[in-house]
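Read off the chains here:
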Amino acid sequence: MDKRFVYLDHQTTTPVLEEALQAMLPYFREVYGSPSSLHRYGLQVREGLKEARQKIVAMINAESEEDLIFTSGGTESANLAIKGFADANHRKGNHIVVSAIEHPSVMNSVEYLTKHGFEATNVPVDPIGRINPDDVRAAITDKTILVCVHLANHDIGTLQPVKEIGKITAEKGIALYADALAAAGWMPIDVRDLGVQLLSFSPHHFYGPKGIGVLYRNRKARVTSHIHGGVQEGGRRAGTENVPAIIGAGVAAEIAVCDLARRVEHVSMLQKRLYDGLWKNIEYIKLNGPPPGPLRICNTLNLSTEFIEGEGQLLLLDHQGIAVASGSSCVSKSLKVSHVLSAIQLDHALAQGNIIMSLGKDNTVEDIDYVIETFPRIVHRLRDMSPMWKEFEEGAIDSVINPTGRGKSFTQHAADISGKPAH
Amino acid sequence: MDKRFVYLDHQTTTPVLEEALQAMLPYFREVYGSPSSLHRYGLQVREGLKEARQKIVAMINAESEEDLIFTSGGTESANLAIKGFADANHRKGNHIVVSAIEHPSVMNSVEYLTKHGFEATNVPVDPIGRINPDDVRAAITDKTILVCVHLANHDIGTLQPVKEIGKITAEKGIALYADALAAAGWMPIDVRDLGVQLLSFSPHHFYGPKGIGVLYRNRKARVTSHIHGGVQEGGRRAGTENVPAIIGAGVAAEIAVCDLARRVEHVSMLQKRLYDGLWKNIEYIKLNGPPPGPLRICNTLNLSTEFIEGEGQLLLLDHQGIAVASGSSCVSKSLKVSHVLSAIQLDHALAQGNIIMSLGKDNTVEDIDYVIETFPRIVHRLRDMSPMWKEFEEGAIDSVINPTGRGKSFTQHAADISGKPAH
Amino acid sequence: MVSQETHMKETKEYTLYNETVMDHFLNPRNMGDFQEADGVGEVGAAACGDIMKISLKIRDGKIEDARFKTFGCGSAIASSSMATELIKGRTLEEAKSFSNQEVVDALGGLPPVKIHCSVLAEEALKAAIEDYEAKQSPKVA
Amino acid sequence: MVSQETHMKETKEYTLYNETVMDHFLNPRNMGDFQEADGVGEVGAAACGDIMKISLKIRDGKIEDARFKTFGCGSAIASSSMATELIKGRTLEEAKSFSNQEVVDALGGLPPVKIHCSVLAEEALKAAIEDYEAKQSPKVA
Ligand SMILES: Cc1ncc(COP(=O)(O)O)c(C=O)c1O
Ligand SMILES: Cc1ncc(COP(=O)(O)O)c(C=O)c1O
Chain A
0 MDKRFVYLDH QTTTPVLEEA LQAMLPYFRE VYGSPSSLHR YGLQVREGLK
50 EARQKIVAMI NAESEEDLIF TSGGTESANL AIKGFADANH RKGNHIVVSA
100 IEHPSVMNSV EYLTKHGFEA TNVPVDPIGR INPDDVRAAI TDKTILVCVH
150 LANHDIGTLQ PVKEIGKITA EKGIALYADA LAAAGWMPID VRDLGVQLLS
200 FSPHHFYGPK GIGVLYRNRK ARVTSHIHGG VQEGGRRAGT ENVPAIIGAG
250 VAAEIAVCDL ARRVEHVSML QKRLYDGLWK NIEYIKLNGP PPGPLRICNT
300 LNLSTEFIEG EGQLLLLDHQ GIAVASGSSC VSKSLKVSHV LSAIQLDHAL
350 AQGNIIMSLG KDNTVEDIDY VIETFPRIVH RLRDMSPMWK EFEEGAIDSV
400 INPTGRGKSF TQHAADISGK PAH
Chain B
0 MDKRFVYLDH QTTTPVLEEA LQAMLPYFRE VYGSPSSLHR YGLQVREGLK
50 EARQKIVAMI NAESEEDLIF TSGGTESANL AIKGFADANH RKGNHIVVSA
100 IEHPSVMNSV EYLTKHGFEA TNVPVDPIGR INPDDVRAAI TDKTILVCVH
150 LANHDIGTLQ PVKEIGKITA EKGIALYADA LAAAGWMPID VRDLGVQLLS
200 FSPHHFYGPK GIGVLYRNRK ARVTSHIHGG VQEGGRRAGT ENVPAIIGAG
250 VAAEIAVCDL ARRVEHVSML QKRLYDGLWK NIEYIKLNGP PPGPLRICNT
300 LNLSTEFIEG EGQLLLLDHQ GIAVASGSSC VSKSLKVSHV LSAIQLDHAL
350 AQGNIIMSLG KDNTVEDIDY VIETFPRIVH RLRDMSPMWK EFEEGAIDSV
400 INPTGRGKSF TQHAADISGK PAH
Chain C
0 MVSQETHMKE TKEYTLYNET VMDHFLNPRN MGDFQEADGV GEVGAAACGD
50 IMKISLKIRD GKIEDARFKT FGCGSAIASS SMATELIKGR TLEEAKSFSN
100 QEVVDALGGL PPVKIHCSVL AEEALKAAIE DYEAKQSPKV A
Chain D
0 MVSQETHMKE TKEYTLYNET VMDHFLNPRN MGDFQEADGV GEVGAAACGD
50 IMKISLKIRD GKIEDARFKT FGCGSAIASS SMATELIKGR TLEEAKSFSN
100 QEVVDALGGL PPVKIHCSVL AEEALKAAIE DYEAKQSPKV A
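Residue numbers (numbering that gives the first Met the number 0), protein chains in the order written: chain A, 0 to 422; chain B, 0 to 422; chain C, 0 to 140; chain D, 0 to 140.
By construction, these hints were calculated from the structure, which means they are not laboratory data. Just so you know, even glycine gets a beta-carbon here, dropped at the ideal spot from N, CA and C. Some clues are possibly wrong.
As the list claims (entries may be wrong) - Examples of chain C residues toward chain B, derived with CB under 8 angstroms:
| hint | residue |
| --- | --- |
| 1 | 60 |
| 2 | 61 |
| 3 | 64 |
| 4 | 76 |
What the hints assert, rightly or not - Derived lysine to any residue pairs resembling SDA-like cross-links, with alpha carbons at most 25 angstroms apart:
| hint | chain 1 | residue 1 | chain 2 | residue 2 |
| --- | --- | --- | --- | --- |
| 5 | A | 389 | D | 29 |
| 6 | B | 389 | C | 105 |
| 7 | A | 389 | D | 136 |
| 8 | A | 114 | B | 88 |
| 9 | C | 11 | A | 267 |
| 10 | C | 87 | C | 97 |
| 11 | B | 389 | C | 60 |
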């Protein structure tokens, strides 16, 4: 098969839909006013923003346009949801319940609060990364004001029982915040059905532009502004609006809704094909998170290939035109394995060999077949280079995925030779 | 003269340069990766961002690319400069000196800090809106860690003696933050020559895109991140970068530097023409801030027309195709006169009739002549409608601009009839 | 360089207020004073500094004619224009129960922050009626 | 719908590491083991979990040949490839003063966070020499 370019990193970011970009263009050029202005240049923009808001309201079945706050991205939305809610409600209590596998924007916002008088309980997850609603219930104290979970995990694709958790928070009379970033655009979202008071996402994950984030926040969940200045966004988020991006987000949301069934069907099919193909062609490979099906978001696979490391796989895939992500420590700037992989207690050896492939609407069957053909060769090549593979074949170390009963564990081996444990 | 569209609100926002937009387009389409990604889609973006950074470094003569933090806008930059610096340096002291006429993003960030253990001293300004460096010196205590001033005032166009203030802060060993938003793109900025440790601006004020802000912050001024999450921007500002906007900002900065002399010359000429023309054609009109010349930014005029209110002027100008701003209370969402106009102790009657006209590179002599012809008719029409004008002509109330010695003041009159004082 | 003239699409007018408000702002009805008014009310809004003056011609206990002058924003001007339109022909008794809501409704609504402009119109009207009544029975005072 | 194939301009290669590092990663020199090595060093990096193994053929106090195997990122693989290239032909004494900086320089630089990969190569080499020397003088131990 000829070399081709296959972008499999849609959970990191996506290109902008041409329709969205076309809708944005006038707002860079002739319709350039600020919506705070009272003249026609500003008023015309207001109208555009109102339409965009309506499209996003429709996408998540929000009660009203006033329940949306536009921010600069998913990260700021998560910060505002958590810190803004904590700030506005600290008199009610100082305890927050958070799952162990939230995105760093959620984790670090909660951590910030714990340095400022709050306490947090991390709810663990099971080996496929599911939060157990009973664990959430058990973690809630009479000081709890907020529960933070997510709809779909950004790393391993696990879908979470948010609606069940929503019943618990409703019963307890506390607020529920759901990070919908990895889910929005790839599954239906209905904030009322879910029973969340706060929900955030970032349109650049579903073919909208970067630089814009959404925080849904209904009347039951007051948030205190964290960016001070003018009275934009109803006084809850100061600063001149990123007008073109809001317009693009609206169009991306509208099309995501119309196109949802088709997109989901298409990427689900590719996901299954990729899964089947890779597992057929590669030995000692493990899926992290649930199998393709009702517990997994339709567009991502997270896998670990044993005896080799993630960055090398990523670079060789890239060399072959295939763009993927990895949660391995070598790939992260902090040299730490993704905390999600730690939370599902993935063996360090497997966490090291981590690769994340996330599919998009424009990926084709040919793309997937190219990956299925190319990736095994890369794995083979890296195993050839890896001292672990030979040591495994010789029985000095054992496989975690398919234990032979011979040899010591990789982790033990790594600890022995590096002096310090590899974990 | 035929009706024409004349945008005179460039201090609020500007259209995006076609060159900047063209440079941005690929980053919406094919170069859509996230710069955190290790594959070619991400790496290509990194390279684009690096170039953009270099252009902004050149624009303000920063020491290095690492001294720039990209944020979502001028407001967030001001928040990060002030709250981030205060957070990182609160052990050194808890006092901040700030001028009385900073933008709300600065004022409200300082106010936030005063609710969290900090104290602030507001330095007053003279009647043309100049900060006196001696007042800054006098306000500094041994608890002071930061002085906040601006290069040019966004409302009345006054240029500030930042370099002189920089000498004082250097002598005292404290940090100086300058909001350069109203200045950037309209005068040369050299952070080293100014002696500032922090400086912020927003490219959408000089033909760059919205949704992006810059904070320059050199090694002497540590700031604590306020948006928690990933390790973007060297860990100082989390969240997927607004890539296209950063690219556009770079191009806008580069062209602003090349084109600066020509732009300044052009808008200075228009500013003078507009000033001369309006003052010739309208009685009882006052310029707020310094006259066109060395103490005023080249692209803005702030005026008060007596006996009429600002919103009506703005709407009638808009009806004639002329887009302006106003600092009058009717125009603000809070129904408060601009705090800048209060700080220069502008009579309430004049603050009410406030209009801000800010020029851009694409305004023409014909545009200005159209305004000079149109605006007096509008003033005349509104004075005809105004009870104050007749009462002034009848000698019941007096003019503030050109007192006749007859009648009571407008403010007194307003107080008499409304029961409460109008101030 | 694109000419400024082409920057704005002319296809639609974007205005701050609705069509009725804009119409009354741009084409105010009953603007002015009377040579000799029967009652004049001038009131000010402490909130924003607007000032409104309504002058009445009264005959046979009825408002025969009304004029306004306003120092204030677009909605203040429109409110006074509409108020003078509405009250013409009403009896003083009717006029005394005039409410700002009538102005708001007739204008097809005002932004929340501008409702006080219609209140000012109500107050100016009532001040004018008081002024008229005060002039009618000077001995009572 | 635009085909994915046209999404990426082919004009320039964008790579994580510089050309030399990429070359050693994509075309590693001296990859493998010896049937019978004279000295073998295997070390691990606690920081990131990388593991590197260097095998030496020694003759007359000189490193006649060298091989590596690496479990690790691109720069770890490139570092071991470059290190084995550099040390071939050196005397043991020379090799004992081998420093990771030589690898970094020969590779034309590594990102700061990846410098430890070159340290791993230095350590693997030294472990291999120690192994060789230990085998040579078993009685000393
Ligand atoms: C689940 C989740 N939440 C939040 C974020 C942060 O979004 P952004 O980087 O757009 O600010 C991400 C980013 O990938 C994410 O995956
Ligand atoms: C002087 C000044 N500082 C800061 C800001 C805030 O900038 P932005 O609205 O782009 O966030 C403005 C906005 O006009 C300003 O004029």
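These are the hints, each one checked on the structure:
1. 60: violated, 26 angstroms
2. 61: violated, 25 angstroms
3. 64: violated, 18 angstroms
4. 76: Residue 76 of chain C check passes; min Cβ-Cβ to chain B is 6 angstroms, inside 8 angstroms.
5. A/389 <-> D/29: Holds, at roughly 16 angstroms.
6. B/389 <-> C/105: Not satisfied, since the Cα-Cα distance of roughly 29 angstroms exceeds 25 angstroms.
7. A/389 <-> D/136: violated, 28 angstroms
8. A/114 <-> B/88: holds, 17 angstroms
9. C/11 <-> A/267: Outside the cut-off at roughly 44 angstroms; violated.
10. C/87 <-> C/97: Holds - the C-alpha atoms of residue 97 of chain C and residue 87 of chain C are around 12 angstroms apart, at most 25 angstroms.
11. B/389 <-> C/60: violated, 29 angstroms
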